[in-house]
Amino acid sequence: MEQHYGKTEITFAALAGVLYTILGMYHIAEGIGIDIGIYEGMAGSLFIPGDILGGFCLVVTGGVFLYGFKEMMQGINAGVSFLYVGILMSLLFMMVYLLIMGGNLLDSFIVPQDYEGWSIMETFRPGIYLGILSLAGILYWKDRFSLNEVLVFREGA
Amino acid sequence: MTEKITVALAGNPNVGKTSIFNAITGSKQHVGNWPGVTVERKMGKRKHKDIEMQIVDLPGTYSLTAYSLDEIIARDFIIEEKPDIVVQVIDATNLERNLYLTTQLMELGTKLIIALNMTDLALAKGDSIEVQKMQEFLEVPVISTIGSRGGGIEDLLDSITEEIHRTRTNENVFVYDGEIEKSADELGNVLADDPYYSHYPSRWFSMKLLEGDENIIKKAKESGNYPQIRKILQRTDADSFEAKIADQRYKTIQTMLRQVCNINTDHLSGSDMVDRVVTNKYLGIPIFLSLMWAAFEVTFTFATPFMNIIDIFFGWLAETASDVITISWLASLVGDGMIAGVGSVLIFLPNILLLFFMISLMEDSGYMSRAAFIMDKVMSKIGLHGKSFIPLIMGFGCNVPAIMATRTIEDSRDRLITILIAPFVSCGARLPVYVLLAGAFFGRDAGIVIFGLYALGIFVALISAKLMRSTIVKGEDTPFIMELPSYKIPTLKGSILHMWERGKIYLKKAGGIILIGVVGIWLLASIPAPGSGGTFASEEIYGTTDSMIGFIGQIIEPLVAPLGFDWKIAVALMFGVVAKEIVVGSMGVLYGVGDNEDSLTEILAAGAMTPLAGLGLMVFTLLYVPCFACIGVIKRETGSWKWTVFQLLYGTGLAWIFAFVLYQVGSRIGLFA
Numbered sequence: 001m002e003q004h005y006g007k008t009e010i011t012f013a014a015l016a017g018v019l020y021t022i023l024g025m026y027h028i029a030e031g032i033g034i035d036i037g038i039y040e041g042m043a044g045s046l047f048i049p050g051d052i053l054g055g056f057c058l059v060v061t062g063g064v065f066l067y068g069f070k071e072m073m074q075g076i077n078a079g080v081s082f083l084y085v086g087i088l089m090s091l092l093f094m095m096v097y098l099l100i101m102g103g104n105l106l107d108s109f110i111v112p113q114d115y116e117g118w119s120i121m122e123t124f125r126p127g128i129y130l131g132i133l134s135l136a137g138i139l140y141w142k143d144r145f146s147l148n149e150v151l152v153f154r155e156g157a
Numbered sequence: 001m002t003e004k005i006t007v008a009l010a011g012n013p014n015v016g017k018t019s020i021f022n023a024i025t026g027s028k029q030h031v032g033n034w035p036g037v038t039v040e041r042k043m044g045k046r047k048h049k050d051i052e053m054q055i056v057d058l059p060g061t062y063s064l065t066a067y068s069l070d071e072i073i074a075r076d077f078i079i080e081e082k083p084d085i086v087v088q089v090i091d092a093t094n095l096e097r098n099l100y101l102t103t104q105l106m107e108l109g110t111k112l113i114i115a116l117n118m119t120d121l122a123l124a125k126g127d128s129i130e131v132q133k134m135q136e137f138l139e140v141p142v143i144s145t146i147g148s149r150g151g152g153i154e155d156l157l158d159s160i161t162e163e164i165h166r167t168r169t170n171e172n173v174f175v176y177d178g179e180i181e182k183s184a185d186e187l188g189n190v191l192a193d194d195p196y197y198s199h200y201p202s203r204w205f206s207m208k209l210l211e212g213d214e215n216i217i218k219k220a221k222e223s224g225n226y227p228q229i230r231k232i233l234q235r236t237d238a239d240s241f242e243a244k245i246a247d248q249r250y251k252t253i254q255t256m257l258r259q260v261c262n263i264n265t266d267h268l269s270g271s272d273m274v275d276r277v278v279t280n281k282y283l284g285i286p287i288f289l290s291l292m293w294a295a296f297e298v299t300f301t302f303a304t305p306f307m308n309i310i311d312i313f314f315g316w317l318a319e320t321a322s323d324v325i326t327i328s329w330l331a332s333l334v335g336d337g338m339i340a341g342v343g344s345v346l347i348f349l350p351n352i353l354l355l356f357f358m359i360s361l362m363e364d365s366g367y368m369s370r371a372a373f374i375m376d377k378v379m380s381k382i383g384l385h386g387k388s389f390i391p392l393i394m395g396f397g398c399n400v401p402a403i404m405a406t407r408t409i410e411d412s413r414d415r416l417i418t419i420l421i422a423p424f425v426s427c428g429a430r431l432p433v434y435v436l437l438a439g440a441f442f443g444r445d446a447g448i449v450i451f452g453l454y455a456l457g458i459f460v461a462l463i464s465a466k467l468m469r470s471t472i473v474k475g476e477d478t479p480f481i482m483e484l485p486s487y488k489i490p491t492l493k494g495s496i497l498h499m500w501e502r503g504k505i506y507l508k509k510a511g512g513i514i515l516i517g518v519v520g521i522w523l524l525a526s527i528p529a530p531g532s533g534g535t536f537a538s539e540e541i542y543g544t545t546d547s548m549i550g551f552i553g554q555i556i557e558p559l560v561a562p563l564g565f566d567w568k569i570a571v572a573l574m575f576g577v578v579a580k581e582i583v584v585g586s587m588g589v590l591y592g593v594g595d596n597e598d599s600l601t602e603i604l605a606a607g608a609m610t611p612l613a614g615l616g617l618m619v620f621t622l623l624y625v626p627c628f629a630c631i632g633v634i635k636r637e638t639g640s641w642k643w644t645v646f647q648l649l650y651g652t653g654l655a656w657i658f659a660f661v662l663y664q665v666g667s668r669i670g671l672f673a
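For the protein sequence lines, the chains are A and C, in the order given.
Just so you know, we're using our numbering here: the first sequence kicks off at 1 and counts up by one.
Just so you know, we're using our numbering here: the second sequence kicks off at 1 and counts up by one.
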């Protein structure tokens, strides 16, 4: 049977899986007050908040990519499903964080007195920059996603 | 002269009957990509070529041997009320299973047209179907339709007008094994002798008796000829006959399918691939929780600027009203009562719309069915199955349709438990209470608190089910078979429409029952209490313990004082039984939002209540007595005051215990201090 994935898919799943899992766990650690930063202010420079549930979502997304990586390494053809769904999930969470940013920005114009000294970057989250990786993925594999009436993943590269 | 006919839309669950109904009648009934959206028959009208058609949208059913309440509604309408024509809507992506019902409808001898729906999805999957050949094989008209876009509807209507005047029946189209045929003939002879059976096609009635259909056997028992029927049935083995009859029907279907269609089975479809992930035994539940978290985070955070716009508008309106109206009591009624009360509720409209929009996306995409599927393992541990989870998810919108959706559950005990636990699922009407209090006391973590309350509702529902299953509603586990529909990309128009349908109900409530409620509260807050000696609507009386509402509140305050609630909260909870939104509306009136420059959130955060009591109030609102509409539907669906009263007492008892433990333990350990 023809294999529906190659080294690019496997590498992407591994990379995205590791990044999402590590950054998600970092969110959770910050949320419960454990400092795991390698250098002073590491969480701030990576825009990581103390957010247990947000971190959980990133870990789950990472888990989906890593499961796909595991299956593809075992030669399971349908393992590529996890890569595609992982990409869709990460784009969904990227959208959620962008909506939150947009909501805060809009609110700062409506009630400026509540936002004195506030910067838009305070609501910037790893879910956004990690989503850029998936955006690259969806552009690279765009011929495999058909979003008409029904969701279709086409086979083959 | 205009001819009047009745057309029934029948078919398996989730094949697009309601989409076709909407396309024919122009109505906007709720359509969802999951089984069990329609649990009652719905009527509509359409005139076509001088024929006035009454269209009846029936709940989905897999066969004419009905098990659940919604299936019985569909079966009884076709058999007892005898529509002039039955249009069976078939899912073109799943022909084999859908055609099983066709074989039964053909045996029934009803005038039948097949609407081959979702043909676009079948094509996208790579399937091909020869419609003309299918029509020749079945000897009934087959029309290709795409219900969601109105495709093929005119052809379908043309076909109905032609078929209605054609004389042909499909009885006796299937020939079964010799032993079955012999018994069917014998039963047919007995039935022919008794006018009681003239209402039913004798061949169909005989086959149903041989299949051991309990409903039909019950009908037969009412006839004088039953002893003869019983004698024939005693010689047969119903289980073996039922299996043989089903086998024969499927063989016929498979023979036809080999000739009329080519199903693409070479590759995994998009839906199959997504299902491999979202129903994965390790990842399924975490993915579901992540998606729910995303929905609540957006509901709370993205709605904030829109809430502030509404807040600013009502602040301006209250100020203008007090400037323009010179009669003090009228200014108080409009400003402190109507504007403060209704404004406190309407401020949450953006949250309601956003939450419903996201629930609609999950429903329309087909994900909700997967949620039920992945929860089956958890549900089976508490003695229910995944099918009971669908009404619970529907409860996020409103508990009333959720309780009605339990009609899809075959086992009466499972259904009863699901009805009793459904009110614990947090509905949209409770959301304003959470957004208000979580926003006041938990700032950036408000989204997490609201998510936690929804999770608590589900947790309490599941634990209660387990408790009931092992004590008062004992029963056996039943197998769970559920069809997972293909994923669809939800249309923006469809999701906005669903969001608006539900948002409209909220707006209507705000302008109706909530307005009446807050005016009632204003009146009680303005009338002096017996013996207080004040004057109506005076500042010294309004909303104080010297007012009538303060008098009532103080009487019931001892009941809620151990939970950290004062008399104002006691009154708000009492009025909240009418509709949960009134809890917020009452607080708006009683905490004097109309007189104050600050919003209700700011007033509460400034010390009107402690964060611990606020959390307790959210938990109490989640679990205590459901609203009037919900109580009514519990009574109707259980058919028992005993169970209705049990639900009210059990829920309120749980709410009190949870809030009591939270407040008392929390106070002692300094939680949120």
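FYI, nobody ran anything at the bench for these hints, they're computed from the structure.
Here the structure is a predicted model, which is why all the values come from computation and not from measurement.
Glycine included, every Cβ here is placed at the ideal spot set by N, Cα and C.
Hints are supplied without guarantee of correctness; some may be wrong.
[What the hints assert, rightly or not] Partner residues aside, some chain C positions facing chain A, computed with beta carbon under 8 Å:
no.: 1; residue: Arg276
no.: 2; residue: Trp293
no.: 3; residue: Pro305
no.: 4; residue: Leu523
no.: 5; residue: Ile527
no.: 6; residue: Val625
[Claimed, not checked] Below, in silico cross-link-like pairs of lysine-lysine (DSS-like), each with a Cα-Cα straight-line distance of 25 Å or less:
no.: 7; chain 1: C; residue 1: Lys244; chain 2: C; residue 2: Lys381
no.: 8; chain 1: C; residue 1: Lys281; chain 2: A; residue 2: Lys70
no.: 9; chain 1: A; residue 1: Lys142; chain 2: C; residue 2: Lys281
no.: 10; chain 1: C; residue 1: Lys488; chain 2: C; residue 2: Lys28
no.: 11; chain 1: C; residue 1: Lys504; chain 2: C; residue 2: Lys493
no.: 12; chain 1: C; residue 1: Lys251; chain 2: C; residue 2: Lys231
[Unchecked claim] Using C-beta positions, here's what the derived DEER-type ranges look like:
no.: 13; chain 1: C; residue 1: Gly150; chain 2: A; residue 2: Met121; range: 23 to 31 Å
no.: 14; chain 1: A; residue 1: Gln74; chain 2: C; residue 2: Lys642; range: 52 to 60 Å
no.: 15; chain 1: A; residue 1: Ile34; chain 2: C; residue 2: Ala561; range: 33 to 41 Å
no.: 16; chain 1: A; residue 1: Met121; chain 2: C; residue 2: Thr545; range: 34 to 42 Å
no.: 17; chain 1: A; residue 1: Met121; chain 2: C; residue 2: Tyr282; range: 33 to 41 Å
no.: 18; chain 1: C; residue 1: Gly126; chain 2: A; residue 2: Leu46; range: 53 to 61 Å
no.: 19; chain 1: C; residue 1: Ser640; chain 2: A; residue 2: Ile132; range: 37 to 45 Å
no.: 20; chain 1: A; residue 1: Ile38; chain 2: C; residue 2: Leu123; range: 48 to 56 Å
Now for the hints, and whether the structure bears them out:
1. Arg276: At 5 Å from the nearest chain A Cβ, arginine 276(C) passes the 8 Å test, so the hint holds.
2. Trp293: Tryptophan 293(C) check passes; min Cβ-Cβ to chain A is 5 Å, inside 8 Å.
3. Pro305: Holds, because the Cβ-Cβ distance from proline 305(C) to chain A comes to roughly 4 Å (cut-off 8 Å).
4. Leu523: 34 Å, violated
5. Ile527: Violated, because the Cβ-Cβ distance from isoleucine 527(C) to chain A comes to roughly 37 Å (cut-off 8 Å).
6. Val625: 30 Å, violated
7. Lys244(C) with Lys381(C): 34 Å, violated
8. Lys281(C) with Lys70(A): 15 Å, holds
9. Lys142(A) with Lys281(C): Not satisfied, since the Cα-Cα distance of roughly 29 Å exceeds 25 Å.
10. Lys488(C) with Lys28(C): 19 Å, holds
11. Lys504(C) with Lys493(C): 16 Å, holds
12. Lys251(C) with Lys231(C): 30 Å, violated
13. Gly150(C) with Met121(A): 23 to 31 Å: 48 Å, violated
14. Gln74(A) with Lys642(C): 52 to 60 Å: 57 Å, holds
15. Ile34(A) with Ala561(C): 33 to 41 Å: 40 Å, holds
16. Met121(A) with Thr545(C): 34 to 42 Å: 50 Å, violated
17. Met121(A) with Tyr282(C): 33 to 41 Å: 36 Å, holds
18. Gly126(C) with Leu46(A): 53 to 61 Å: At roughly 45 Å between Cβ atoms, leucine 46(A) and glycine 126(C) fall outside 53 to 61 Å, so the hint is violated.
19. Ser640(C) with Ile132(A): 37 to 45 Å: Between serine 640(C) and isoleucine 132(A), where Cβ atoms are some 58 Å apart, the hint is violated.
20. Ile38(A) with Leu123(C): 48 to 56 Å: Distance hint for isoleucine 38(A), leucine 123(C) holds at roughly 54 Å.
Checked against the numbered hints above, the structure breaks hints 4, 5, 6, 7, 9, 12, 13, 16, 18, 19 and satisfies the rest.
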